[in-house]
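Position 239 of the sequence shown, counting from 1, maps to 236 under my numbering, and the rest follow consecutively.
Hints listed in this document are in silico derivations from the structure and should not be mistaken for laboratory results. Keep in mind that a hint or two might mislead.
Pairs of lysine-lysine, DSSO-like flavour, derived with a Cα cap of 27 Å [what the hints assert, rightly or not]: (1) Lys21 <-> Lys5; (2) Lys(-1) <-> Lys98; (3) Lys118 <-> Lys98.
Bear in mind the structure is a predicted one, so any value in this text is a computation, not a measurement.
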Amino acid sequence: MKTSCEEKCRMKCLNKMSEEERHKIFTEYWGLGDVNRQRDFISKYVTVVSKARTRIRKKNKHHPAELPEKNDNTFLELSNDKNSRRNSTFTYSLPKNENNKVQICKTFFLNTLSISAQVVKTVMNKTGTSGIVSEDRRGKACKNTLIDESTKQNVRDHINLFETIESHYCRQKTSRKYLPPTLNVSKMYTMYLEYCQEKNIRKTVTEAMYRTIFNRDFNLSFFQPKKDLCDICHNYDNSSLEEKLELEEDYRIHILNKIGQEKSNSLRNKEQLRIAVRFVALSLTCNKCCQFPNLMLACPITN
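Sequences and hints are given; from them, build the entire structure.
Given below as structure tokens:
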């Protein structure tokens, strides 16, 4: 609860209600716990009345930067002015006891309930001629874009058409399936639209919904090519500690042969560069390595 209005308030609100009474009203208002009931409370104690008079500022003949003299009538009071921006105003009151209520100023009312002036404006705009405040509809909007289950099932059926593979790197640890690396969700969605056109399916989903179903209903990912190992390296890496002790000597010889082969290839290439009369070097940088279907091994030595 905020502080009340100032002592110089022309309505003398401080003499009409004590701090204990203000705190009781504040507690009861926020204890309602429902925005619709709180709006009914505001509508009960805020009244729309016609303005008795309008105060407008007299046009100043002085320079805009100069202040008017004290005896200059800066304000004129006019009644029933047709050029006024509004023809009504609000009067505020609060309950004094069960049967009586006292009229107070705007500041005293807002600070007692600890609300803003916009809350009062919203309530009065939503109050009909019968005095009933319309229900708060926030969060209750009807979703007109709901997708029926049959349309979602069409998406699932299309995704199931793609053949999946198991990654031999992690097939013992996960049940995730992998799609070819040449695919992605955007390409699959394009194929989905073509699929619906061929099947005469009129209702389709957006790419965002297609992606949501793909991530939510499937344990799929796109295979990322990795450097494969030869049988000797693969068997050694996937062996138990006891098996590795038995394979240690063969694996060590295998690695030495591979290193020797790489050095031999490097020396042979350097020798060819030295004796070559003309040699053209071509350097390529691949942004992404694509899987080659027939390439099984990347290790140069298999025995």
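Verification of the supplied hints:
no.: 1; hint: Lys21 <-> Lys5; verdict: holds, 24 Å
no.: 2; hint: Lys(-1) <-> Lys98; verdict: holds, 20 Å
no.: 3; hint: Lys118 <-> Lys98; verdict: holds, 21 Å
In summary, this structure violates none of the numbered hints.
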